[in-house]
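Trainee: Chain residues, written in single-letter form:
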Amino acid sequence: MSKRKKSEIKEISYAKWGYIFIAPFFITFVVFQLIPLGQTIYYSFFEYYRSGLTIIGPNPVGLDNYKALLESDFLKYAANTIILWLAGFIPQIIISLLLAAWFTDVRLRIRGKQFFKVVIYMPNLIMASAFAMLFFALFSENGPVNATLVSLGILKTPFRFLASIAGTRGLVALMNFLMWFGNTTILLMAAVMGINPSLFEAAELDGCSPRQTFFRVTLPMIRPILVYVLITSMIGGLQMFDVPQILTNGTGSPDRTVTTLIMYLNNHLYNKNYGMAGAISVVLFIICAALCLLVYFNLNPTDSDRKTRKKNRSNAGKEAING
Amino acid sequence: MKKGFKTFLSFALAAAMIFGMTACGGNSGGGGEEAPAEEGKVFNIWCWNDEFQTRFNDYYPEVAEVAEDGSTTTLNDGTVVNWIIEPNEGNNYQNKLDEALLNQENADADSKVDMFLVEADYARKYTNSDATMNVADLGGVLDATSDQYDYTKEVVSDADGNVKGVSWQACPGLIAYRRSIAKEVLGSDDPETVQAAVADWDKFAETAQKMSDAGYKMLSGYDDTFRPFYNNDAAPFVEDGKTLNIDKNIMDWVAMTKDYTDKGYNNKTSLWSTEWAADQGKDAKVFCIPACTWEIDFTLTGNADPDETKDPEQSAWGDYAVCVGPVNWCWGGTWITAATGTDNPTLVADIMTKMTTDKDILKKIAVDKGDFVNSKSVIADLAANYEGNDFLGGQNHYALLSDAAAGLSLKIASPYDQGVIEKMQSSMKDYFDGNVDLDGAKANFETVIKELYPEIETVNWPE
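Chains A and B are the protein sequences, given in the same order. No gaps in the numbering here: position 287 of the first sequence is 303 in our numbering, and each next residue is one more. No gaps in the numbering here: position 166 of the second sequence is 265 in our numbering, and each next residue is one more.
Because the hints were derived from the structure by calculation, they are not lab data. Treat the hints with care, as some may be off.
No more than 25 Å apart at the CA atoms, straight line, and that leaves these computed lysine to any residue pairs for SDA-like [stated by the list, open to error]:
1) B/Lys341 / A/Ser67
2) B/Lys541 / A/Ala95
3) B/Lys341 / A/Ile71
4) B/Lys384 / A/Gly266
5) A/Lys83 / B/Ala298
6) B/Lys384 / A/Ile71
7) A/Lys172 / B/Gly533
8) B/Lys367 / A/Gly266
9) B/Lys341 / A/Gly169
10) B/Lys367 / B/Asp382
11) B/Lys302 / B/Lys541
Since we're looking at a predicted model, the values are computed, not measured.
Hey, can you work out the whole structure from these sequences and the hints?
Mentor: So, in structure tokens, the structure goes:
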């Protein structure tokens with residue numbers, strides 16, 4: 017007994033310091049993320065809101081909030097979100113791929129690459145809300161865009177962008193595109209530059225046209241990064257909030273066609289309806305997780321590929337041995 | 100080991116200091132209630148714009164100094180007035196204020212809400228609660244209000260008839276019009292001629308057609324005519340806390356506005372937007388705006404004369420006049436209420452008395468700012484002896500509106516009005532813009548109002 021004690025004292029446990037150093041993260045995580053997360057799920061089963069200065073609830077109501085959610089226009093807002101995201105994402109990925117291919121092409125030798133990289137990244141440095149305010153002013157009825165279009169004779173009367181569905185959705189998509197294409201370009205450039213140059217040389221020697229090089233060499237090689245870009249953009253898209261919220265002054269109009277899922281969540285949360293807001297959050301969480309898994313397993317089969325290939329190889333080896 | 104002990108000791112000391120301080124705060128708060136003679140040195144006023152703030156800074160006699168950024172005002176006895184200004188739109192002010200009032204008991208004396216402002220659209224929410232103090236409990240304030248217009252006391256009275264707030268203004272509605280356009284189209288800018296042209300909604304529409312023929316718009320936007328209709332509703336929107344009844348008047352407003360939009364009588368703007376504000380300027384082609392007396396100084400003057408030139412050559416200064424219009428109506432007003440738990444009850448009482456009942460101050464406000472002050476005798480005096488408002492081209496609007504003011508009522512005010520009105524206007528905007536049909540707009544309104552007020556279960560539309 018005493019012997020064992022002695023040895024314990026002698027031993028210096030460095031592991032302790034490891035735990036101490038990572039403790040702040042776990043404490044903040046538990047206090048600011050895990051507990052609120054648990055509470056969100058918990059309160060989604062309650063009637064819990066504020067009516068004037070009185071707090072109603074929490075009264076347990078089972079799945080009533082989820083039922084109300086199903087009966088609401090939830091799907092419409094989901095569709096809005098997807099439309100707004102795709103309208104921004106498709107041009108964004110095309111332009112980014114194009115720019116990344118051009119900027120990394122050794123034969124094009126574009127000058128001032130660094131300058132362009134900075135410039136295309138700029139819009140992302142502006143706060144989304146400030147950017148939305150800027151667009152609100154630029155595209156308002158009396159704003160400079162309309163003034164220019166009218167004075168150039170393109171339009172006879174100012175176009176009321178924010179009173180038309182296509183106009184408002186277009187502006188949201190344009191803003192998301194402008195804010196994120198620089199970021200995506202830089203990510204994709206890094207991916208392209210990570211490809212072994214000998215592959216490009218080989219392609220060139222074999223007489224590949226630039227188009228063939230792009231589609232047959234570059235694209236397959238940057239697929240993991242493309243998947244990453246797609247997933248992060250999708251999560252960002254699902255969480256789209258600040259741009260449409262500020263641009264439409266929180267109304268999501270016209271005809272609630274610019275109301276995204278998070279704006280819908282905010283409508284409830286803003287009025288302190290914790291029960292409904294909790295239910296929406298839980299559903300959003302499930303959708304988000306499901307979409308991510310789906311995309312990940314469909315577009316990134318490398319891991320499983322490798323496994324099957326390995327399996328095949330080992331099988332082949334066995335067969336060879338047996339043979 | 101020693102070092103660890105030292106660290107522990109310093110943390111313990113720090114903790115002790117912090118808790119000690121909170122304890123102190125709590126004590127002094129409690130002490131304040133027992134002995135009101137010792138009042139706090141920090142006075143927090145909650146409001147949603149700078150209207151009352153400028154009135155207070157300009158006219159409250161105890162003001163010693165205003166901070167450069169305007170966020171605080173120091174009084175002669177050293178008390179610092181903190182202005183907590185939260186934008187009104189989308190119930191933002193109400194939500195923030197609710198948060199503060201729910202924390203009122205736990206807040207330390209210097210961060211308690213001492214006084215807050217409410218407007219008619221949600222005044223009843225606060226006056227029917229314990230968050231506001233009974234004015235009768237604040238010394239002699241209530242006795243001094245006998246000269247005020249009755250409706251300004253009625254709307255802030257609770258179920259038992261206790262007055263919970265006071266206002267320095269009464270707010271008869273009017274139609275403000277451009278003299279130059281009236282002369283050109285109607286032949287005269289005389290308020291009586293114009294009044295005859297807008298005496299009821301049929302005449303109003305005829306005049307709108309004349310304006311349209313002459314290349315002018317009758318109105319700027321959709322929401323301008325909302326208040327005259329709404330104020331004459333038969334019953335409050337929500338009476339039992341569950342059912343929202345839309346009055347026929349509201350649907351009349353919808354039908355009229357849609358008609359006007361299709362005929363091009365308006366400029367398709369929304370209330371408070373920059374386009375709406377621009378339509379009140381010199382170069383605008385908009386004839387009139389149904390407005391309220393407080394808007395003359397707070398909104399119209401700034402929009403008509405953005406550079407403060409006061410020069411009719413460079414701005415619309417002096418090119419406005421007012422007439423009563425098709426119906427009598429009012430648009431709220433602003434009430435001062437004392438927050439329960441304030442540690443400055445004497446100061447609250449003094450501000451209420453001076454700012455809303457002192458006839459000299461009220462008269463000054465009326466003469467300087469054109470505000471329709473809340474004193475029957477001051478208004479009677481002005482109606483007879485006032486030489487005219489420069490912005491209104493020398494018109495004495497007090498003489499014109501003093502009769503209308505006597506008959507005002509806000510009986511239809513309910514705690515839900517701000518949300519209902521804002522959402523009604525924004526939902527119907529889609530209909531006016533042609534993005535949805537009327538049923539679609541109604542459905543959108545029901546969705547959004549139930550999001551805003553989960554307790555509302557049904558919305559009844561008139562036949």
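Trainee: If a hint holds in the structure, say so; if it doesn't, say that too.
Mentor: Right, here's what the structure says about each hint:
1. B/Lys341 / A/Ser67: 11 Å, holds
2. B/Lys541 / A/Ala95: It holds: about 21 Å lies between the C-alpha atoms, which stays within 25 Å.
3. B/Lys341 / A/Ile71: 16 Å, holds
4. B/Lys384 / A/Gly266: With a Cα-Cα distance of about 30 Å, the restraint between B/Lys384 and A/Gly266 is violated, given a limit of 25 Å.
5. A/Lys83 / B/Ala298: With Cα atoms ~52 Å apart, A/Lys83 and B/Ala298 exceed 25 Å; violated.
6. B/Lys384 / A/Ile71: 49 Å, violated
7. A/Lys172 / B/Gly533: 20 Å, holds
8. B/Lys367 / A/Gly266: With a Cα-Cα distance of about 19 Å, the restraint between B/Lys367 and A/Gly266 holds, given a limit of 25 Å.
9. B/Lys341 / A/Gly169: 53 Å, violated
10. B/Lys367 / B/Asp382: Holds - the C-alpha atoms of B/Asp382 and B/Lys367 are around 17 Å apart, at most 25 Å.
11. B/Lys302 / B/Lys541: Given pair B/Lys302, B/Lys541 is violated - Cα atoms ~29 Å apart, limit 25 Å.
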